[in-house]
Amino acid sequence: MTSLTQAISDLNENLAMELVKHRLESGYKPLDIVEECRNGMIAVGERYSRGEYFLGDLVLSAEIFHELMQLLAPGFRDDEVKKVSGRIVFGTVEGDIHDIGKNITIALLRCYGFEVYDLGVNVPSDKFVGCLKETDANILCLSSLLSSCFDSLKRTVQQVRLFDKQGKIKILIGGLVNEKVCEYTGADYWVTDARKGITICQQWNGVL
Amino acid sequence: MNGIGRVYAAINRLPSDRFPRGELVVDKQFIKEFMKKETKRDNYPEPVEEDLEMEIEFYHRLGLDLVCVHDTEPMHHSGDLCFKLDYIRRFNAEGFFVFLVLNGVFQTLVNQAGFTNFMKNIARWPQQVGEELQKLSQKISEHIRKGLPDGVHGIIIADDIAFNRGTYVAPEFIQKYLLPCWQNQVNSAREQRIPVFLHSDGNINAVLPIIVEAGFDGLQCIEPAAGMNFKEVKQKYGKYLCLMGNIDPALLYGNGANNSFGCASDDPHVQKHNFPELARAVNELIAMAAPDGGFIFGTCSGLHAGLSTEKVKFMYELVRNI
Ligand code: B12
Chain A
0 MTSLTQAISD LNENLAMELV KHRLESGYKP LDIVEECRNG MIAVGERYSR
50 GEYFLGDLVL SAEIFHELMQ LLAPGFRDDE VKKVSGRIVF GTVEGDIHDI
100 GKNITIALLR CYGFEVYDLG VNVPSDKFVG CLKETDANIL CLSSLLSSCF
150 DSLKRTVQQV RLFDKQGKIK ILIGGLVNEK VCEYTGADYW VTDARKGITI
200 CQQWNGVL
Chain Y
0 MNGIGRVYAA INRLPSDRFP RGELVVDKQF IKEFMKKETK RDNYPEPVEE
50 DLEMEIEFYH RLGLDLVCVH DTEPMHHSGD LCFKLDYIRR FNAEGFFVFL
100 VLNGVFQTLV NQAGFTNFMK NIARWPQQVG EELQKLSQKI SEHIRKGLPD
150 GVHGIIIADD IAFNRGTYVA PEFIQKYLLP CWQNQVNSAR EQRIPVFLHS
200 DGNINAVLPI IVEAGFDGLQ CIEPAAGMNF KEVKQKYGKY LCLMGNIDPA
250 LLYGNGANNS FGCASDDPHV QKHNFPELAR AVNELIAMAA PDGGFIFGTC
300 SGLHAGLSTE KVKFMYELVR NI
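Keeping their order, the protein sequence lines are chains A and Y. So that you can map any letter, position 61 of the first sequence is 60 in numbering that gives the first Met the number 0, and since no number is skipped, the others follow by simple counting. So that you can map any letter, position 184 of the second sequence is 183 in numbering that gives the first Met the number 0, and since no number is skipped, the others follow by simple counting.
Think of the hints as simulated: they come from the structure by calculation, not from any bench. One should not assume that every hint holds.
Under the rule of at most 30 Å between Cα atoms (straight-line distance), these lysine-lysine pairs were calculated in the BS3-like manner [stated by the list, open to error]: (1) Y:83 / Y:235; (2) Y:310 / Y:35; (3) Y:83 / A:153; (4) A:195 / A:126; (5) Y:238 / A:179; (6) Y:233 / Y:145; (7) A:153 / Y:230; (8) Y:36 / Y:310; (9) A:126 / A:169; (10) Y:310 / A:179; (11) Y:230 / A:179.
Bear in mind that the values here come from a model prediction, so they are computed numbers and not experimental data.
Let's have the full structure, built from the sequences with the hints guiding it.
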């Protein structure tokens, strides 16, 4: 593990900033530095999965990553900037206003190079469809924590399937859901953990 | 024996005619929907907030023994607590045990800073946040010491410290910074001879010993959907904590047909939920929890608009006939 990867893994914000600045001054390629940062994020995720880190640590890691990317951004060449892992439309379904888990997942997805369109909370199904059409995203992420909103989940999935005749769009649901809910709504996959959700999106887009 | 006597008996493990029943919160909209169906009366005054008599009738009809009164303006700039005193007096006169629900220090800072900011602050500057929690706790304890409104019998400190995967922050943080706050609050209530419960959603297994150490008289929620096992909690901590809960609200949604499953993480507990399922959950809970007292029956998170009034009625009728 490089010192930068280790610093991020340890959530040592100041050291990580120093190291990135130093690497830039020494002529490292920004994209190589990004790789080190991503590895740091992977290490944080593993520590969270092991129960060593808690939710706050996960949130902080996303913020540190974001800050480091700001430092690196001016060094990217145009063709490099476009290198995204994929496009995702994300929102909390109609009737539900829980967004803490959604926001954390989005922050992490962005760290992993996804371009995420956040539609917010209490989002009606047609708004999801509209945004998918506009952005040409191939993944739809839906969050729901209320049992009373499983029907909105289902409605949204149905409407998306109706317009996506070729079956290009994959649908991932998360929050307080389970296998049964996934079956009932017709979504492609379900998770109760942001980290696992990211892995699924990466697999779907062939970046893993 | 009235509700006041029953709840005291449950807390103090004294003999009683039956175990008490109570909800952490019942929203006005739910009461209104329920009473409309029950009485076939459609002319309850608007806004419903004002109809105290309807509320009292509702509590009697369900056979509840306690009422939770919430701070009406928890974010009030003066920092004073705001409670509807006339409500407290009336509930007391009707024989209900009255719990005041106060936001704890953790919950208050979550509300003030926003959840993600607060989480980040703890990860970055645990000590500073810890100090802030202590300062805030002094205030809460002072409020309790200054004396609570007449007619209040108990306090519930509401601190949501956990979700399905466990506590939001490391148990070490809770031990180091939250425990002294809780102890402080419990001690000031003790001086007034007022019992104190803690409410937290989520999976709090890892910090149950800390909750006991804080000296709480009871614990509300014990969320099964987050992997909390009532039986285990009772076996290990039932001696110290009066347990209040823990019917999963997922059992009370819909009318059985359109919403025939509950939800929970990847917990095996999740299966088909309908009336027989509800009946089974209620019977199981009571068979396990009621012997030797120290138990208050209710749901985890209270009664909210959107829950099936039929299922809630069914549940409380069932409890009454046990
Ligand atoms: C905080 C909270 C609230 C806050 C929400 C604030 C906000 N801005 O989000 C407030 C106070 C507003 C609220 C309101 C209500 N709530 Co609420 N709430 C909670 C609580 C305590 C925590 C939820 C949370 O944020 N957890 C932390 C996050 C990080 O976890 P998470 O959401 O699971 O997300 C993780 C993963 O699931 C994943 N994830 C989430 N979504 C997605 C989506 C995708 C695609 C992916 C990949 C990943 C992913 O990422 C996260 C990190 O791993 C839960 C209790 C619990 N056990 O969860 C109750 C809970 C969800 N609420 C509940 C209820 C009933 C309500 C209310 C109806 C009434 C009430 N009790 O207050 C209202 C409903 C309002 C509405 N219309 O939506 C119930 C739901 C019961 C049920 N089976 O339906 C719960 C379970 C409480 C309980 N014990 O009964 N609530």
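When the structure is checked against the list of hints, which entries are broken? Sort them ascending. Failing hints, ascending: 1, 3, 5, 6, 7.
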